[in-house]
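There are 4 protein chains.
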Amino acid sequence: MRLKIDVTLDYNFPEPADVLLALDAAILPDQHLVSDLLTVSGAGPLRPIAGEEGIGRRTWLRAEGALHAVYTATVDVERKAPKLEGLTNAPVRDLPAEVIPYIWPSRYCESDKFEAFVQAEFGGLEGGAKIAAMADWIRGEMAYVSGSSDSQTTAADAFVQRQGVCRDYAHLLATFARAAGVPARLVSAYAWRLDPPDFHAVVEVWLDGAWRLVDATGMAPVEGIVRICVGRDATDIAFMTIFGAAEMVAQTVTVTRLDG
Amino acid sequence: MRLKIDVTLDYNFPEPADVLLALDAAILPDQHLVSDLLTVSGAGPLRPIAGEEGIGRRTWLRAEGALHAVYTATVDVERKAPKLEGLTNAPVRDLPAEVIPYIWPSRYCESDKFEAFVQAEFGGLEGGAKIAAMADWIRGEMAYVSGSSDSQTTAADAFVQRQGVCRDYAHLLATFARAAGVPARLVSAYAWRLDPPDFHAVVEVWLDGAWRLVDATGMAPVEGIVRICVGRDATDIAFMTIFGAAEMVAQTVTVTRLDG
Amino acid sequence: MRLKIDVTLDYNFPEPADVLLALDAAILPDQHLVSDLLTVSGAGPLRPIAGEEGIGRRTWLRAEGALHAVYTATVDVERKAPKLEGLTNAPVRDLPAEVIPYIWPSRYCESDKFEAFVQAEFGGLEGGAKIAAMADWIRGEMAYVSGSSDSQTTAADAFVQRQGVCRDYAHLLATFARAAGVPARLVSAYAWRLDPPDFHAVVEVWLDGAWRLVDATGMAPVEGIVRICVGRDATDIAFMTIFGAAEMVAQTVTVTRLDG
Amino acid sequence: MRLKIDVTLDYNFPEPADVLLALDAAILPDQHLVSDLLTVSGAGPLRPIAGEEGIGRRTWLRAEGALHAVYTATVDVERKAPKLEGLTNAPVRDLPAEVIPYIWPSRYCESDKFEAFVQAEFGGLEGGAKIAAMADWIRGEMAYVSGSSDSQTTAADAFVQRQGVCRDYAHLLATFARAAGVPARLVSAYAWRLDPPDFHAVVEVWLDGAWRLVDATGMAPVEGIVRICVGRDATDIAFMTIFGAAEMVAQTVTVTRLDG
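Chains as they are written, first to last, in the working numbering: chain F, 4 to 263; chain R, 4 to 263; chain H, 4 to 263; chain L, 4 to 263.
In short, the hints are calculated from the structure, not lab data. Check each hint, because a few of them may be wrong.
Any copy will do: because identical chains look the same in the list, a pair fits if it lies in one copy or spans two.
[Stated by the list, open to error] The calculated SDA-like cross-link candidates involving lysine to any residue, where the alpha carbons are at most 25 Å apart (straight line), are:
id, residue 1, residue 2
1, K7, Q34
2, K116, M251
3, K116, P19
4, K7, A53
5, K116, D139
6, K116, E144
7, K83, A100
8, K86, E18
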């Protein structure tokens, strides 16, 4: 599937501030970059650095006054929705070093507190079937309510309040997975057919020796997701981090299918 | 039912400290005090004051070194387990002033965060039937695990962790009730047949214009519960509050049936 | 000082909801009500009930669609700013039953966590001088930033973030006071010369056997404060509690001096 | 300085459980491993993996019943206490990708909440002088109290309570540093002259393009610290993580100087 991504960000910086953007579609085996371009006006020189785990690319810049950033990309996604059910998960003692950070609790994923719940609710299942049941539970029990959470909302908060947005759904799934000993990380993404269009947050779980993409919200087909960057939780995957103050003027994200 | 209550507290105070005891069986229409006696050695003069809402009695004292407190009481309890199912709850706008403190969220009962869950899980029920279903849910989903919670554990914590002790069960029931607009308060109590014997925490909910006693744990028959004092949550109902430091040496609570 | 109070509230209720208003100026020895009137359109019959501790008056009503509430009052305030410095505080073991709820930690006032800080910072002072030093510390270390806190912000949050609004200043002072064994409660109020005009939150501390009014923000003279109601923290003193959903359309609070 | 490290761990596992040990002295430019040996009885085969950031080594194993682990090492430490005062910190926009994880807030280091405090308290200083002032502040304002914190205690908790252990001191310093835009990470370590002997937690801050070791407690000379592993906060650097239940029987850590 060939997708066209268009992002515009308009922000106003009353004072000069350092900014870290994470907008670039990552180059990965199942998503090929045909072309992309990031242009920024109202900022000093752009300094690209690698994303977390070496996945994707982030850009440092210095902003002042009106910042206008445009990112466009054409990406070929060659991915089928993984059949989670057949996948197995190894005992934690067989996990490789590189996935260890993703079995720990993190700021927004307090997996250590969910062990009893996860055991009671999903203990009879294994591997991918367990992850699929977790995603089903989340879709069934949570209400997707725009504005119902904020930057401080954790998985435990969302679990109690039974509502959230994609970020909270992803946090919950990662939390449940880790509580069951399955490494899980957050992924920021562009998502075809996401309605309303916006940045999206999904999850990768480590099953059968590889990371498998899961959208806990079920709002966008996995075949049309373009990953930007990965991390332990929302802390690592913000599309823009401002070291200072700014106000949003306008922001748009569009994902269009070019083929088919 | 005639019950004999025996409490001994042995604590050591390395420095002088003020202490508030709440050990006395309250005098209430459904529990009649035949006799009781509080004796304390290792303390300055005892100063009794009323309990919260004028229910029960608390005692101020000054402790230093070895404190030895003994409380004994004989109480006639004339109470049947309330049939919750037939009781109705009024709209909040009809609630009297004296129960208003018990519809608010409190430190350990974050009822404002549970509204969606309570509506989804218990929304089809009303009045006492709803409260009974809440207590059933708690007994079914929570595991009673000694030592699994501490003085900082809130209802939301216990809900996430799916375990707790009587204090947490009571907090959860009060939280669910308040989230449904039913006033609910915590009650410290002596409980016949509680195993192992200890101070107990139960709940009163306001239904059909009166407070109704419910034991969220189901560990002790309501007919054998002797209330000590009431409050918004565990904050108000501690059997001993120490304004300073002390260590417990020994502590026993015994409840014996004298008749039948 | 004779003050005229004018409040208008315009809210929209998409669904019928119960509402508890707490707008009435309380009748107290140091504030005499000359006249007042609460009129509400867009609501069912008004049902007045007493405020917490029997102070002030609250009003239950049923709202649907456009709610328009107007409260006007003329109040004579006869109060001098208390000289805190000369006032003493009793040992907690001498406190009467009615002030006990105000020595406990509460949801927004986690005084149990501040004991070491309060001892280190204010331990050399006693009574009113200690409270005055606490208020000075708060005014010196905190920044008053509109919009910097929300309904979940506790005293500990504000202490860490070093910013807040009147509610947070009041929570901090009450927290510090309780951590030092001085009963303290929150008070909602109208305040002459408060800029910008709004509902205000101040504190009462129990010193020398009486409640003493303190404005932790120092933004309004204590002589021009008209108390509405009191409580353990912000939980108890909201001017409007909505049991359902509503949106604010407009809201004004005006306090005008009529004499002098 | 040549140091001998001896660790013994005796734990009892009522049920089989996976365990991750992080006991090995890391091989780093300023600490050379002369020899070391980890022996474990009561466990299945040991599976070594790299530590976080490739620093140090961790060991997976399967435990059941009595676990007895012994780690001994001889290490040459060639490190002077860094003169923090002369070191500069770059603007965040010049930071390399590999230190980015250490400018974010993390579970135990809520640096986003401390920006105002850090600016007010340390805003007049730069680079290493600022970090040194932070460490001084922590040593001056915090009380080291064994048992005063637990595995849930965050930097904000410790800041409010003004007490903690080495873990909390390290969290606070890392939090302050990140709030000032200086990358900071937690380091588990063996420490010569630490009294009482135990595992230690210290901090590395990124100044002048390198990680600089700081002991926020000041309890052990930096010249005698042997690093084990690093991470975002206590989450990553536990010396033993048990995926199940176990009880400690005995545990000793000894660090002896062999030369000098």
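Outcome of the hint check:
Taking identical chains as interchangeable, the C-alpha atoms of K7 and Q34 lie at most 25 Å apart only when both belong to the same chain, with a minimum of 12 Å there against 51 Å between chains. In this assembly of identical chains, K116 and M251 lie within 25 Å of each other by CA distance solely across copies; the values are 21 Å between and 36 Å within a copy. When the C-alpha separation of K116 and P19 is checked against a cutoff of 25 Å, the pair qualifies only between copies, where the shortest distance is 21 Å, while the shortest distance within a copy is 41 Å. When the C-alpha separation of K7 and A53 is checked against a cutoff of 25 Å, the pair qualifies only within one copy, where the shortest distance is 23 Å, while the shortest distance between copies is 40 Å.
For the homomeric pair K116 and D139, the shortest alpha-carbon distances inside one copy (20 Å) and between copies (23 Å) are both at most 25 Å. Both within a single protomer and between protomers do K116 and E144 lie at most 25 Å apart by alpha-carbon distance, with minima of 19 Å and 15 Å respectively. In this assembly of identical chains, the alpha carbons of K83 and A100 never lie at most 25 Å apart, being 27 Å within a copy and 31 Å across copies at closest. In this assembly of identical chains, K86 and E18 lie within 25 Å of each other by CA distance neither inside one copy nor across copies; the values are 49 Å within and 33 Å between.
Of the numbered hints given earlier, the model fails hints 7, 8; all others are met.
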